Amino acid sequence: MKLSNTLEQRYLLRIADAALILSQRNSEWCGHGPILEEDLALANLALDLLGQARALLTHAGAADGLDEDQLAMLRLEHQFLNPVLFELPHAADGRKPGDFAFTVLRNTLTAVWFTLLWTRLQASSDTEVAAIAAKAVKESRYHLQHSGDWCVRLGDGTADSHARMQAALERIWPYVDELFQADAVDAAAEASGLGPSWASLRGEWRAQAEALLARATLALPKDRPNAHGGRLGVHSEHLGHLLSELQYLQRAYPGGTW
Amino acid sequence: MISTQTRYEAAWAALSAVLDPEVPALSLVELGIVRELREDEDGGFTVVLTPTYNGCPATELIEADVRSALMDFQPLRVEQRRTPAWTTDWISSEAREKLRVYGIAPPSGLAAVEQPLRMHESIPCPRCGSAKSERLSAFGSTACKALYRCISCREPFEYFKPI
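Protein sequences appear in the order of chains A and B.
According to numbering that gives the first Met the number 0, the residues represented by the first sequence are 0 to 257, in order.
According to numbering that gives the first Met the number 0, the residues represented by the second sequence are 0 to 162, in order.
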């Protein structure tokens with residue numbers, strides 16, 4: 000698939016792909032949730048994220064004459080621009096459905112990030128992006144409330160739940176830095192008014208995340224950022240496997256519709 | 000008797016009769032999903048809709064329902080408009096009462112605040128009116144609802160979340 004790959008398009012795809020890939024991951028819990036209420040909740044979170052991704056993909060592909068389905072189902076691995084954090088499997092050993100502690104923490108920390116990002120994007124110079132953000136920010140605030148409650152409940156829960164949350168936090172922490180790295184794509188978006196540089200979200204994210212983790216009685220891990228480049232299309236080994244499920248139908252039956 | 004109803008009024012009446020597929024107690028107009036009906040210069044009509052949630056799976060069905068209700072008003076155009084973002088604040092007090100009678104607790108208070116309302120508050124039971132209820136699930140059969148149970152009459156009920 001040929002993409003024009005403008006700085007603007009890449010900025011939008013990074014956000015769209017973050018939502019799409021996290022949606023796909025959360026949907027893996029459908030039918031496997033630890034309790035029925037949480038099964039419902041994770042499926043609903045996934046649905047909101049999918050809706051956000053659809054709107055942004057539609058917008059990002061318009062200039063190239065590509066629709067949301069073509070972008071989601073036919074791009075190759077290196078053409079996805081989400082940070083690596085979003086594609087990590089729920090369990091360290093990759094077993095499904097996975098480690099609920101990791102799911103709760105990733106959903107919480109990324110909901111803080113999404114909420115900050117959508118809030119700023121409401122002032123985008125691109126009116127379509129601003130409109131998508133105005134809807135999405137309400138959804139991500141609700142996600143943050145829901146996942147944040149679980150984060151505190153499990154972190155400040157039993158000795159076992161606390162230990163599992165702490166272990167999940169240690170696994171997540173090195174991947175967080177990629178959400179705040181500055182580069183040319185970021186700088187161009189900030190300059191044109193399309194959206195904030197992700198680096199500018201770091202301070203506020205850190206303050207909110209630290210407050211939440213403190214309430215959950217979790218100890219902040221040492222900062223040891225990984226050198227990951229999901230935003231440049233350089234992914235972990237996990238994305239290919241995820242895409243082989245996500246894209247299966249269109250790969251096996253090209254152009255298939257209901 | 001010759002009807003004095005204009006074509007626009009007839010179209011509006013047909014549109015007002017379309018119920019929401021997920022919450023059939025209310026029409027799309029009452030929910031605020033229909034933003035505008037316009038009569039165009041070519042004699043056709045344009046309906047402007049807004050999605051409730053970005054990922055609402057009923058969006059396509061709603062558009063199809065609108066198209067079939069306005070079949071006689073061609074050429075018909077349906078547009079989606081995202082801004083301003085849909086909010087439960089657009090549901091009128093009469094419509095909220097209809098929701099309650101149908102068995103869904105209407106959204107409490109205004110959503111137009113910086114943070115969403117906490118979900119742990121007690122929501123009045125739409126059946127017996129008791130103020131004592133407990134939350135069973137933050138999400139319900141659709142993204143826009145949560146599940147509660149009345150502590151007095153023990154009936155479970157759905158709550159339309161303010162957004």
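The hints are simulated quantities; they were obtained by calculation from the structure and are not laboratory data.
Possibly wrong hints are sitting among the right ones.
[Unchecked claim] FRET-style restraints, in silico, Cβ to Cβ:
(1) A:G93 to B:P155: 46 to 56 Å
(2) B:R153 to A:A208: 39 to 49 Å
(3) B:R148 to A:E169: 31 to 41 Å
(4) A:A187 to B:C127: 50 to 60 Å
(5) A:L73 to B:R6: 18 to 28 Å
(6) A:E209 to B:A12: 41 to 51 Å
(7) A:P220 to B:R134: 43 to 53 Å
(8) B:R126 to A:A181: 48 to 58 Å
(9) A:A251 to B:R126: 32 to 42 Å
Computed from a predicted structure; not experimentally measured.
The beta-carbon is built from N, C-alpha and C at its ideal position, and this holds for glycine as well.
Going down the list of hints, with the structure as the test:
Taking the beta carbon of each, G93 of chain A and P155 of chain B are about 38 Å apart, not inside 46 to 56 Å as hinted. For the hinted restraint 39 to 49 Å between R153 of chain B and A208 of chain A, the CB-CB distance of approximately 40 Å keeps it satisfied. Checked against the given bound of 31 to 41 Å, the beta carbons of R148 of chain B and E169 of chain A, roughly 38 Å apart, stay inside it. Taking the beta carbon of each, A187 of chain A and C127 of chain B are about 59 Å apart, inside 50 to 60 Å as hinted.
For L73 of chain A and R6 of chain B, the hinted distance range of 18 to 28 Å is not satisfied, since their beta carbons lie about 45 Å from each other. At roughly 57 Å, the beta-carbon separation of E209 of chain A and A12 of chain B lies outside the given 41 to 51 Å, and the hint is violated. Judged by the Cβ atoms, the range 43 to 53 Å given for P220 of chain A and R134 of chain B is violated: they are separated by roughly 33 Å. Between R126 of chain B and A181 of chain A, the C-beta spacing of about 55 Å keeps the proposed range 48 to 58 Å intact.
Restraint check, A251 of chain A to R126 of chain B: a C-beta distance of roughly 49 Å breaks the suggested window 32 to 42 Å.
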